[in-house]
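Asks: Just so you know, the sequences run in chain order A and B.
Each residue of the first sequence is one higher than the one before, starting from 1 at the first, in the working numbering.
Each residue of the second sequence is one higher than the one before, starting from 1001 at the first, in the working numbering.
Careful: at least some of the hints might be erroneous.
[Unchecked claim] Just some of the chain B residues that point at chain A, by a computed CB distance under 10 Å:
1) 1001
2) 1004
3) 1072
4) 1081
5) 1149
6) 1152
7) 1157
8) 1159
9) 1169
[Stated by the list, open to error] With a straight-line cut-off of 20 Å between C-alpha atoms, the simulated SDA-like cross-links for lysine to any residue are:
10) B:1038 - B:1023
11) A:38 - A:75
12) B:1038 - B:1009
13) B:1038 - A:109
14) B:1038 - A:171
15) B:1038 - A:70
16) A:38 - A:8
17) A:38 - B:1095
Bear in mind the hints are in silico, worked out from the structure with no lab data behind them.
Idealized CB from N, CA, C, for every residue including glycine.
Listed here are the chains, written in short residue letters.
2 protein chains.
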Amino acid sequence: MNYCSECGAPVRRGVPAGDDHPRDICDSCGTIHYRNPKIIAGCLPVWGDRLLLCRRAIDPRRGYWTLPAGFMEEGETLAYAARREALEEANVVVEIAALYAVFSLPHLSQVYVFYRADMLDESFHPGAESLETRLFHEHEIPWEELSFETVYRSLRHYFADRRTGRFQLHHEDIGPFSQRLLTIRREPSAA
Amino acid sequence: MNYCSECGAPVRRGVPAGDDHPRDICDSCGTIHYRNPKIIAGCLPVWGDRLLLCRRAIDPRRGYWTLPAGFMEEGETLAYAARREALEEANVVVEIAALYAVFSLPHLSQVYVFYRADMLDESFHPGAESLETRLFHEHEIPWEELSFETVYRSLRHYFADRRTGRFQLHHEDIGPFSQRLLTIRREPSAA
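Isolated chain A (complex conformation) (with noise of 0.2 Å):
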């Protein structure tokens, strides 16, 4: 951010008054302009013991296989959000059965919530962003091929579940954050 979205004048990044994170502060309007993590909601869409994946048409990792997701947008609730983007890659029509992972990636402040979702007839094909749609048996699936460690990680453990029959929430920090430790420092008490 270089100009301030309200009133157009140069910003400058400090740390506000009773802050302890770096803002992009306007000084002309006094606007103090937050930057939040994005959520991308996405589906493994079920037909019968096979997956549907997506082959990215667009960049990053284009030409490799992804579960249909995406930025969830304003007004959405992540539900909604994963229907849509199953829709929009794949023109293929879901229902949620349950949510399923949830991946902080702080490295890229992104948040990933994958849902467990049932196709509910065997249309599909590939939507813009999208090569190719294509169901997958086990057995089929391009682990090297795959997009992202999200959509390795949400395949890896479906498969696992579904052997033992009992699917759980896997919830789970990809990336170099993980081990980080808070700063554990207590303001002094008044009393």
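Given the structure of chain A, go ahead and fit chain B onto it with the hints provided.
Replies: Just chain B now, kept in the frame of chain A:
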């Protein structure tokens, strides 16, 4: 948004080519500005059979009781953000036990994520954003003076689950969107 944060030129609201959502578009430098839902991370700090609540010192809902929670920052994991907020608002150190509740609030473009968390000791006192911090038994919870629907539901679920002895993840939508239907409009297939 009135001005482009990249180049400072005025922006216009419009639907970019290949998109179907209105965005803030800069015709001067070509930047499309996206807005996304925000994540609020928080926890239910447990000490024995009591829960720690904070009375809000800030608007909205100043004076009402809440669970420690706040906007997730860039570079954080969900669990880290929840622990940080507990430290900031109640000077309480917690260990995250499990993901407990996920709420979509589409009318506010917010996603709330609450964890069950164990207090590491009985030490706590109000941070800058709290007027008061206090441990509550179930029968002491100020149900009529809670800050937000998300807090109300999290507490209701917690005590109900505790009675059954089985804590499960709660995933709910709050607000007018819940009933909205996805417009099923598959693109025509090229085939």
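Asks: So which of those numbered hints doesn't the model satisfy?
Replies: Hints 5, 6, 7, 8, 12, 16 and 17 are the ones this structure does not satisfy, whereas the remaining hints hold.
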